[in-house]
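Student: Keeping the supplied structure of chain E fixed, place chains D, S, P and C upon it in accordance with the hints.
Spelled out from the first residue to the last, the chains are:
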Amino acid sequence: MTPALAIRDLHVHFPGRKRLAVRAVDGVSFEIAAGETLGLVGESGCGKSSLSNAVVGLVAATSGSIEIQGQQVVGANRAALRHMRANVQMVFQDPATSLNPRMTIGAAIAEPLLVRGLATGAALRLRVEALLEEVGLRPEHAGRMPHQFSGGQRQRVVIARALALRPALLVCDEPVSALDVSVRAQILNLLVDLQSRLKMATLFVSHDLSVVRHVCDQVAVMYLGRLVERAPAAELFATPRHPYTRALLASVPDPDPIVQRAKSRVPLSGEIPNPANPPPGCRFHTRCPIAADLCRTAEPAWRRVGGGDVACHFAT
Amino acid sequence: MTPVLAIENLSLSIAGVPVVDGINLGVDAGEVMALVGESGCGKSITSAAVMRLLPGAVSQTAGDIRLAGESLSRLSERQMQAMRGRRLSMIFQEPQAALDPLSTIGTQIAESLRQSARAARPAVLHMLDEVGIADPARRIDQYPFELSGGMCQRVVIAAALIARPELLLADEPTTALDVTIQAQILDLLRTLARERGTAVLLITHDVGVVADIADRVAVMYAGRIAEAGPVHSIFAQPRHPYTQLLLASVPRLSDVPKSPLAVIPGRVPTPLEFGPGCRFASRCPRADAQCVAQTPPLRPLGDSDVACWHAA
Amino acid sequence: MRRISPGMMVVLGLLALFVAAALAAPLLSPFDPLRQSLLLRLKPPGSLLGGRTFILGTDDLGRDLLSRVLFGARVSLLVSVVAVALSFVVGTALGMVAGWYRGAVAVVIMRLVDTMLSIPAILLAVLTVAVLGPGFLNLVVVLGLTRWPRYARVAYGQTLQVAVLPYIRAAEMAGAGSTRILWRHILPNIAGPLMVVATSEFGLMILFEAGLSFLGLGIQPPAPSWGSIMAAGRQYVERAWWLTVFPGACLFGVVLCVNVTGDWLRDRLDPRAASR
Amino acid sequence: MRLIAAAIIALLIGALPARAQPKDTLTVDLPGDVATMDPQLQWDTDSYTVYRNIFDNLLTRDVSGKIVPQVATAWRYTNDTTIVFDLRSDILFHDGSRLTPDDVVFSIARITNPALKSPQLSQFDQIASAETTGPTQVTLHTKSPYPALLAQLVKLSIVPKAYVEKVGDTAFNQAVIGSGPYRLKSWQRGVQTNLEANEGYWRGKPFFKAVTFRAVPDSATRIADLRTGRADITRGLTPDDAVAMKNEKALKLSSIATERVAYLFVNALSGPTKDKRVRQAIAMAIDRDTLISALQQGYAKPTNIVLTPANFGYVADVKGWPFDPAKARALIKEAGAEGATISFITSPAYDRRLNEAVQQMLEDVGLKMTIAVMDQPTYLRRRLGTPEDAGSLSQGRWSCACQDADGVIFPLFRSGSVWSKFTNPEYDAEVDAARATLDDARRLAHYHRAFEILREEVPGIGLFQDEAIYLMRRELAFTPTANEAFFVYDMKWE
Amino acid sequence: MIGHIASRLGQALLASFGVLTIVFFIMRLSGDPTLLLVPEGASLEQINQLRHQLGFDRPLPIQFAAYLGDLARLDFGESLVQRAPVLGIVAERIPYTVALASGALLVAIGIGIPAGIVMAVARGTWLERALAGFVLAGQSLPTFWSGILLILLFGVTLGWLPTSGADGIASLIMPSLALGAVGMSTFARMTRIAVLDELSRDYVTAARARGLSRGQAVVGHVLRNAAVPVVTIAALEIGNLLAGAVIVETVFAWPGIGQLAIQSIQSRDFLVVQTVVLFVSLVYVATNLLADLLYALIDPRIRMGA
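Chains as they are written, first to last, in this note's numbering: chain E, 1 to 316; chain D, 1 to 312; chain S, 1 to 276; chain P, 1 to 494; chain C, 1 to 306.
What the hints contain is simulated information worked out from the structure, not anything from laboratory work.
Worth double-checking, as some hints may not be accurate.
Calculated lysine-lysine pairs in the DSSO-like style (CA-CA distance at most 30 Å, straight line) [to be verified]: (1) P:301 with P:66; (2) D:258 with E:199; (3) D:258 with E:263; (4) P:301 with P:327; (5) P:249 with P:66; (6) P:327 with P:368.
Next up, chain E with everything else stripped away, as it sits in the complex:
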């Protein structure tokens, strides 16, 4: 069975200062099986947004391959891309800017169906109403403007719009990080519910490990344009193997003061290096608590450890 998403040796570079390309994504490969949710985790600037934008075709990949249900995105022409986009849809981070403020939410949800000629008139209206109900909104909301909704409700609208075409792959780029705590729970519940009902493959990009753990089957950790670890969620959170993964996990404050204060902190010093000029060897060595001389010169190979893969000389 073809995976919903297959990425091989993907590079996304941007022109940077002084002729140095910013290597936002620098040789990433992974797959998402149909119906599976993969969490892509990393700090800002690690390239996770560039990667998700490349997947949906909003930025052009420099090299490598992205296949959505077996169809190549890289190098596809305008028409092919338009066709392909029916198969992949996106939920954005900020619900405030994800909806055209001058368009009713009904029109926003109807747009994918309308411009592709999939439904018109009464059928379209019924379809929009069904989608609204699907995400927990009332059909009569269709005529309202985005500013009449709260952030959580808007994110529901955005999800309904993304679902309109019943895509094989849903890309969620930090879908809850702009939301308040209680609203975040609602949206997470909705996403989990939709996953189980619609069996969509999902690429779930987030910096928030507890959220990723909550909704994802697989997790990939990204650092400075590269994957450092990929494993089934349960395994990754139980036995993180890469020192960066461990540091990330340790940095997430647990909403329980007793647990949180009992935690041994892995001191992760310093900042993320410039992606236009990444350090040689293991890219993490400048901040790694266990870095050795080897790490400064040799790039660690991608190898299987336990149920997952990891790129660290010392991971066991």
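Tutor: Showing chains D, S, P and C alone in chain E's frame:
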């Protein structure tokens, strides 16, 4: 002992609409007090009221704010200016935005000292070192855009603490930062507050942050304090239904994956929708007629104070 | 929704009054604005002559000034409205296209904008009137042709800003074509700052027409516009002050009101739309 | 860049005004700057006003308009195409060299040489040749008998041959040398021209030691200059300006009927005015008296024909069409032209108020008139273009600066002329005949018949003889002339 | 930075070329000056002869090519009307134009910017409204009228200032006021917006939280940040000034290039118009480049190429 900061019965309104309604709060020296709540609950405007930097449309309609016993509400603007930066100071959510992009960081840190950048230079260098900025001698003459977000927040903290204020207001200081950087900044804040005996009022929506560094916490909902008390008590035994639901709605690493999270139905009422009773009543699973009709007072219960008719 | 301040109500009310007066000019005018009485030239306001009262006096051909000012409002406002609409449409379309497609298209369009901006507008207008000939339509075309670059600049900048917003990406992903995106998604969202430009251009257009009238190339006689009444009355500033003061006051009032409205709209719609 | 900076500094601190001093300097405000100092190039009024004070001409006119000697002392025709001039021998150019017959011959040859591209060429191109025929004598040959020759020669300035040949045309234009009462001292383009007296002038030392001509385009500003003593005399004012200045104590007005005729051009070849009855009706619709009394405030004299009494060829006894709106209306009805649209083309150079007044008068007799104002070159292009493009009506102010009917009605109405939108073989024969003889009595007879044809056919309607209005300081003595000459030499303080 | 300036310069020259092309063809379409040059009685043959001598009977592309050829050799040609080198004619006017534009800018900036700052800082007060009325007045009166009122008041009635002409600084005052008034309101409005925009930013609150007064925050931080949009406006405003100068120069008999341009258009003195327009467009280019350099001076992010 007089608390460093005492907010007494503070009420604020925007164009006549009450947004903060009679809140009381105290922060002691060396203590981190977290004011937690969702957006629009009035927490940020409360900190602006403490600084007396309220936007034009907001006015303080009642109450008093005392710094070490001294009423700030009665000070003239000039006297208040003399206080800001020296006796109370503030750090912000977006560190890059909180720094003037066209001035060097050294100049901006020195402003709190009311000294010229040249005279203040040794002190600024020392402070930069203290907030953990490597190579302060080079950094001091750099501009904010040359620094990462985490470093900018360190600079903002340096500017806030250089004059050794008694009170530090931290308005969502780590929201814009990555988790690894957030951990660093929270550690730094806690260390500096302890060492210097600074009282910290931490405004945040992130219960994880509260759990990490706060000593005491006040949970705010729709302009009122729902519950306040020591962090351990509140997290261990939240008594207000809002606090309970809020804590339960946060996904934890220890949860069962994909299990439904607790959800607060409905949405936060806007100030125009405030009724006479408990403002959480419309969303509260335990609400009854009394809750709708009468405002529950904040009353002591165990270690905490709770504003709920049904809390026990 | 913020409420409208009382001061602003006065301004908007005044503006409505001007528009109403212009629309109702045939009803309000005591006399035919074109009817001359060479023997009643330059009579001061309030003159009662031959059983007729000239409330604002008469002009240098003995026409009733009040009627001319009322009908002049029609011409002046219409010239401005149409000229603003035309330059708005042309400039916005080009600016949006440049901002959306970027690359070579943007270079060509924005260089053209620079080109147009670096030719003094009044010289271009005089030349174009010479080529096209005079007349209301041509005047409006001239104003539209010379003023569109201002809208293009703003539309370009705004489009660049809006084009990267998630809802535009969402529209792309929905499969919407460029035309639909520009028309349904970008235009409604950049209209605010463009309206602000339009309001400040509106006043300038009235003045521009006045300037062309001064050079003798504005609205064709005998039709009155405020600018042409003033240009003609300028020769009599001392002898017949009313010829310039009344239309001048109207012009001042309208331009002031429109500008105040523009500033108000700007504060209301888009505090960041600082630069043109 | 440094030059510009230096110039700005000089502008700001130097060049301080020579304000209201004992006044041996006369300051004149003109509407425009001198276009060319070279008298053989541009001859627009402002340029002519300035350089005419620097140069002597072969002939000139006295205050009454009679052609009198200047460089030439006497002249005689030896046959119909040959004329001999005797010249003065005591005239020196400003550089001290003597004005000789060679300079006169050179001046004629120069202005008639197409290579100079002189705009004045067509006024002199009837001259076939000129030669020196004695130490103080020059002989001119014309291509055919040319009655207007002397009138044209009034405009011929004599330039110094040796100097022009030495420095070339371009340099001469920048630094002209003449033999006139004033010499060019400095010329700040666009600002002002400063002349100083030629103390050795052959007619005697000029009264004013210096003259400054300033370029002030706006008449309101010129008036303000006069009122504040910044200028001593100005021209180019409207009758309304004049009326407003009547009570200024320090100033006085002076006006004179000029050879400039205000007329309406009527297109006889195209549009509604192709019908003679419509043309006649228009002539009857115009209320000349009101135009003169109300618009011109009396600063004009009525004329029935397209010519002023200041011109040779004026015939007083050709009666015009009377003002008769009822008859005009009837005639228009008869022609079936009620409500026909008369297109009136004009430019900002012509009095707007007159246009609008005419519009009213035509509408009063049942016609519709639209006015199209275009800039002067566009107006000329249409007016001189095809009859279809020339509009039905337009206002004109015609002066040939020759005070002869030949310079007015020949170009205006003779078939084939660019201005004419009228064909009438009888009329053509009359004006051709008037041009081919030197006999004044015969010429007058031809013109009489020509004007009778024009009266009947109405290809143009004479409105009034325009007056030139001057505003000056009360103590300035100045007598204006019909040809709008501006001789500073003839002015003085009283 | 240097690369950026070079590319801007290249684009700007392209724009100047565009200006030349547009003006050349519009001017030619509007008719040639032959009819203005001949005396009133000239015949058709005489007119055509002069037109031929002047070269206006050649096809437009050939005339344009010839013009560009001359221009490439820095030969600006000779004025048809003044019979003098065009470059000299235009150059003589430039000092006056520069003086007038500087005076007007001084008025516009000297009054406009402080007014704008005060309006922003005093937002919502009577002071703002009063200033707004004053400032907008500058943009609401036709200059041909306000100019003559100025002359009558200061020149004729009070006798303080010369009524016309260009001698000395005194004669620069009124034209500068009349011309600067329009720019002044633009500056004031833009400064107000820019300052308001900056005042709403976090760093202002942060500076005040450090104990700076509102005034100190404005002077110490806001103004520099607000300067960037204001500099942009200033650069654009230079072009507007030169355009507005046409009428002001006519009213005050100020011998700048605005008056020269309009007179040359009216006399179809093609080469003069083209040279003036070229000059104006080069000034526009230069001021915009200057603005670019100023940005770098103001903003370290641009200076350091971030």
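Student: Hint by hint, say whether it matches the structure.
Tutor: Each hint, compared with the structure:
1. P:301 with P:66: Given that 30 Å is the threshold and the Cα spacing comes to 21 Å, the pair holds.
2. D:258 with E:199: Roughly 14 Å between the alpha carbons, so the hint for residue 258 (chain D) and residue 199 (chain E) holds.
3. D:258 with E:263: Holds - the C-alpha atoms of residue 263 (chain E) and residue 258 (chain D) are around 24 Å apart, at most 30 Å.
4. P:301 with P:327: Since the Cα atoms of residue 301 (chain P) and residue 327 (chain P) sit roughly 25 Å apart, the hinted pair holds (cutoff 30 Å).
5. P:249 with P:66: Violated. Residue 249 (chain P) to residue 66 (chain P) sits at ~34 Å, over the 30 Å cutoff.
6. P:327 with P:368: Distance ~17 Å between residue 327 (chain P) and residue 368 (chain P) Cα, so the pair holds.
Of the hints listed earlier, the one the structure fails to meet is number 5.
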